[in-house]
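Let the sequences and hints guide you as you build the complete structure.
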Amino acid sequence: MAEELFEIEESVPVNTVESFLRMERMPHIWCPGCGIGTTVNCFAHALETSGLDLQKVSVVSGIGCTGRVAGYINLDSFHTTHGRAIPFATGLKLANPELKVIVYSGDGDLTAIGGNHFIHAARRNVDMTVILINNFTYGMTGGQVAPTTPLSATASTTPYGNYEQSFNLPYLAESCGAVYVARWTAFHVRHLTKAIKEALAKKGFSFVEVLAPCPTLYSRRNKIGDGLDQMIYYKDNSEIRNGADTKTIPLEFQGKIVVGKFVDKERPTYLDAMNEFYQQKLGEDYIPYKG
Amino acid sequence: MKADPKGVLTGSHFLDGDHSCSEGAIAAGCRFVAGYPITPSTEVVERIASRFPYVGGMFIQMEDEIASSIAIQGAVWGGKKAMTVTSGPGFSLMMEHIGLAAMTETPCVFVDVQRAGPSTGLPTQPAQGDMMQARWGSHGDYGIIALSPNSPQECFDLTIKAFNLSEQYRVPVMFMMDECVGHMTERVVIPPADQIEIVPRKFYEGPKADYLPYKTNGDLVPMMVKAGDGYNIHVTGLTHDERGYPSMTVPTQEKLIPRLVNKIKHNAPKIVEYVEDQVDGAEVVVVTFGITSRTSIPAIEQARKEGMKVGHLRLVVVWPFPEERIRELASRVRAFVVPELNLGQMVLEVERCVAGKARVELVGHPGGTVHNPKDIYNVIKKSAKG
Amino acid sequence: MARVEIKIGGFGGQGVILSGYIVGRAASIYDNKHSTMIQAFGPEARGSACSAQVIVSAEPIAYPYIVSPEIMIVMSQEAYTKFTPELASGGVLITEEELVQPHNLRKDVKHFSIPATRFAEELGKKLVVNIVMMGFLTAVTNVVGKKAMGQAVLASVPKGTEELNVKAFEKGYEYGVEVMAGGVPA
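From first to last, the protein sequence lines are chains A, B and C. Note that numbering that gives the first Met the number 0 gives residue 235 to position 236 of the first sequence, counting from 1, and the numbers run on in steps of one. Note that numbering that gives the first Met the number 0 gives residue 29 to position 30 of the second sequence, counting from 1, and the numbers run on in steps of one. Note that numbering that gives the first Met the number 0 gives residue 92 to position 93 of the third sequence, counting from 1, and the numbers run on in steps of one.
One or more of the hints may lead you astray.
Here chain A is said to cover these stretches of chain B; the calculated rule only asks that three of the stretch's residues, wherever they fall, bring their Cβ under 8 Å from a Cβ of chain A [said to hold, decoys possible]: (1) 65 to 79; (2) 227 to 235.
Simulated pairs of lysine-lysine, DSS-like, Cα-Cα distance not exceeding 30 Å [said to hold, decoys possible]: (3) A:193 x A:255; (4) A:289 x B:373; (5) A:289 x B:207; (6) B:5 x A:55; (7) A:196 x B:214; (8) B:373 x C:81; (9) C:109 x C:145; (10) B:225 x A:55; (11) A:55 x B:207; (12) C:158 x B:5; (13) A:55 x B:201; (14) A:280 x B:5; (15) C:124 x A:280; (16) A:289 x B:1; (17) A:55 x B:214; (18) A:201 x B:225; (19) A:289 x B:5; (20) A:202 x B:373; (21) A:280 x C:158; (22) B:201 x A:289.
To be clear about the criterion: a stretch of chain A counts as covered by chain B if any three or more of its residues have a C-beta under 8 Å from a C-beta of chain B, and this derived list gives those stretches [as the list claims (entries may be wrong)]: (23) 54 to 61; (24) 69 to 77; (25) 87 to 95.
In case anyone wonders, no lab produced these hints; they're calculated from the structure. Note that the coordinates shown come from a computational prediction; the quantities given were computed from them, not determined experimentally. Every residue gets a Cβ at the ideal spot worked out from N, C-alpha and C, and that includes glycine.
Written as structure tokens, this is what we have:
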């Protein structure tokens, strides 16, 4: 695994990522050891080799630590309200279907306050890529319990430990109709880069969950070390199981992590379904919607 | 610029206010509508859903009003003219995104077909209880524009105006209908497309390297670009500088927020619109808006028949409020009578502008139906006697 | 022409709202008058009480609700009981003959009745009952001209049903003319 890390460093010159960042906004706000920056690095590499026309790529974020990604990416980028990146992205994509729209946000943003939008965008199969950085907590507000916080883990609002069942996000996404579902960690940079690239190439609602350390608020509070310790935990406890039944891969506190690509299927997107349906129903009177 | 003839149903129609609003939106060039069903506004989106496939529009019924009110903003940054449609409970849910639209200067239209509240209230009955919410409902300081139609014809005409104002000032515009106007059916004359004036979006066309998304030139309104144009714009609800970058400092806040307020405040003389009837020389001026302007007419006519000097000032644009005109009248008239289908909202603005120089009488009503003109007449009569 | 207020009441599915719509459309689009229609219906789509209120006037209409209707059409017993007390003294009351028993009929109103549902069934479709009613209304009142009403009916009914609806309208109209001439006991 460590060799993989090394390989990617070697094969891609480091400074190529800079052109994807608003360097005038550096330094960023993320803590030392935070995993979000690593995922942005992977995202930039994925974009670089994606063949996409970068002028037509938009990044949409909600609020939170990961929500700040939109602000650092040197593309059209939208930093919206808490939980609402997906409906904003839905409007953006449907207004101009030529755009490649990526939602880049955190677990609390996308699955607590934004949970309703998440399930409906997946159900409609709106053509967008959702990259969800799961650090198991609300980092920006000080480490409160999230729908992703594993049972028994402590958070500032579950000071004696969490007693709520957490989401198994790949299972949720698949159940709702996502056409591409993968889970990786901030340790798996090469796999993650590849997964993002695949998700970007996929037509429809593609979903990549990325586990990432929050050393300041999650790891420290739970006495599981710093960012590096979390990377070691990811390395030692991850099992790559492509095609795994998403029902079987919930996360447990410091438990085994099943990573891989779980879903890769075809289904008409919201827009294609609408155009096709109306063409059948309304015939020549229908003006196919192209944005 | 003139309206796209493809969307304009030129001719005389017998339409209700909701449907007429839909036609106004289509004529205005709106091609993206996101909404969630709620009485008594649903007919607006139903008509949009049936008409859009024939005019190249995109209607999406979102999972809730929160989603609707931000999907339209995504669509605007994708290049569309867009609106959402709701009623009280949904309008309450949309408040955060009215603030987002104000902060990011995203031109869009929020239609609120008002019903009696608070909470679920009377879903199928009229009220005008959201007037202050329309102005102040989101947190923080910002400016918006609100219009109040009193007939299906105005639901057509003023919806177009709402879109035009939103583009001109890059603000969310509130279209404050009510159940009575929304469900009232009357003749609506839709003019030929070449007689409908449309304000196009002010897109930046200068050199790319010089573009600053939030830099203004004199008129307090910055030029827009859209996603995909190659400007790598950043749009955020955080306090931002002219580049659009978050800048959470007092100087940035002190520069940005007053501009958001002042672009409406300073342009108010150009934006305000009201209709006056026999206001000059009046001893009592009845200030109305929306459906109340019509229920007041029998009362005003009766009072005039009895020799009272009664003027009628109807707000067409409700926000910004015509402060100057009310101040001017305050020194000349004995009293202002303000009937509204709420227990006292716009009357507070009248009182503020009158500043004690004349009497101000509210004719409040909790909604559920419209005023009995007799109740308005009685207050006019009492006020005329001084 | 002064303001005339019309109320049409019945149960959902009888085309009450469409009737109001046709009267208003006839007056405001085809008869050079002003008209305002307001509809009220219960929460259920079918079978519950519903009513349409229409105002027709030569002058622009300010107050949009009816206060004291001069013309009332009732197509259900419930509507009869609920609405007839509102009818203005000297007003015209039109009832569906077989659906409404005019108990305690007010002496200060002019009453006409028509077996509109039966006529509609005879024409082959019960659904056109409201159009039969429109023909009858046109004949027994002068609220809107026959030509304008005919145009409004044609413009308001579903495509492909025009012929049936014109027949229904004519049937109601002829019956009304007969009633007015004293040929049928009202």
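Hint-by-hint comparison with the structure:
1. For the stretch 65 to 79 of chain B, the proposed coverage by chain A is satisfied: 14 residues have a C-beta within less than 8 Å of a C-beta in that chain, meeting the threshold of three.
2. Check on the stretch 227 to 235 of chain B: 9 of its residues sit with their Cβ under 8 Å from a Cβ of chain A, so the three-residue criterion for coverage holds.
3. With a CA separation close to 22 Å, the supplied pair residue 193 (chain A) and residue 255 (chain A) stays within the 30 Å bound.
4. Restraint check for residue 289 (chain A) and residue 373 (chain B): the C-alpha separation of about 55 Å exceeds 30 Å, so the hint is violated.
5. Proposed proximity of residue 289 (chain A) and residue 207 (chain B) is supported: the alpha carbons are some 27 Å apart, at most 30 Å.
6. Distance restraint check for residue 5 (chain B) and residue 55 (chain A): the Cα-Cα separation of roughly 29 Å lies within the 30 Å cut-off, and the hinted pair is therefore satisfied.
7. A C-alpha spacing of about 36 Å is found between residue 196 (chain A) and residue 214 (chain B), which places the hinted pair above 30 Å, so the restraint is violated.
8. At roughly 24 Å between alpha-carbon atoms, residue 373 (chain B) and residue 81 (chain C) fall within 30 Å of each other, so this suggested pair holds.
9. With a C-alpha separation of about 21 Å, the suggested pair residue 109 (chain C) and residue 145 (chain C) falls inside the 30 Å cut-off, and the hint holds.
10. Distance hint between residue 225 (chain B) and residue 55 (chain A) is fulfilled; the C-alpha atoms sit about 11 Å from each other, no more than 30 Å.
11. For the proposed pair residue 55 (chain A) and residue 207 (chain B), the alpha carbon gap of about 16 Å is at most 30 Å, so the pair holds.
12. Between residue 158 (chain C) and residue 5 (chain B) the CA atoms are separated by roughly 23 Å; this keeps the pair inside 30 Å, and the hint holds.
13. Simply put, residue 55 (chain A) and residue 201 (chain B) have alpha-carbon atoms about 21 Å apart, close enough for the 30 Å limit, and the pair holds.
14. The hinted pair formed by residue 280 (chain A) and residue 5 (chain B) meets the criterion: a straight-line CA distance of about 21 Å does not exceed 30 Å.
15. A distance of roughly 28 Å separates the Cα atoms of residue 124 (chain C) and residue 280 (chain A); the hinted pair therefore holds under the 30 Å criterion.
16. The straight-line distance between the Cα atoms of residue 289 (chain A) and residue 1 (chain B) is roughly 23 Å, inside the 30 Å bound, and the hint therefore holds.
17. Note on residue 55 (chain A) and residue 214 (chain B): the hinted pairing holds, with a Cα-Cα distance of about 24 Å set against a maximum of 30 Å.
18. Distance restraint check for residue 201 (chain A) and residue 225 (chain B): the Cα-Cα separation of roughly 24 Å lies within the 30 Å cut-off, and the hinted pair is therefore satisfied.
19. This hinted pair checks out: residue 289 (chain A) and residue 5 (chain B) have alpha carbons roughly 16 Å apart, not beyond 30 Å.
20. A C-alpha spacing of about 63 Å is found between residue 202 (chain A) and residue 373 (chain B), which places the hinted pair above 30 Å, so the restraint is violated.
21. A distance of roughly 18 Å separates the Cα atoms of residue 280 (chain A) and residue 158 (chain C); the hinted pair therefore holds under the 30 Å criterion.
22. Proximity of residue 201 (chain B) to residue 289 (chain A) is assessed by CA-CA distance (about 23 Å); at most 30 Å being required, the pair is judged to hold.
23. With 4 residues having a Cβ less than 8 Å from any Cβ of chain B, the stretch 54 to 61 of chain A passes the three-residue criterion, so the hint holds.
24. Counting residues of the stretch 69 to 77 of chain A whose beta carbon lies closer than 8 Å to any beta carbon of chain B gives 7, which meets the minimum of three for the stated coverage.
25. Three residues within the 8 Å Cβ limit are the bar, and the stretch 87 to 95 of chain A against chain B gives 9, so the coverage statement holds.
The structure does not agree with the numbered hints 4, 7 and 20 stated previously, though it agrees with the rest.
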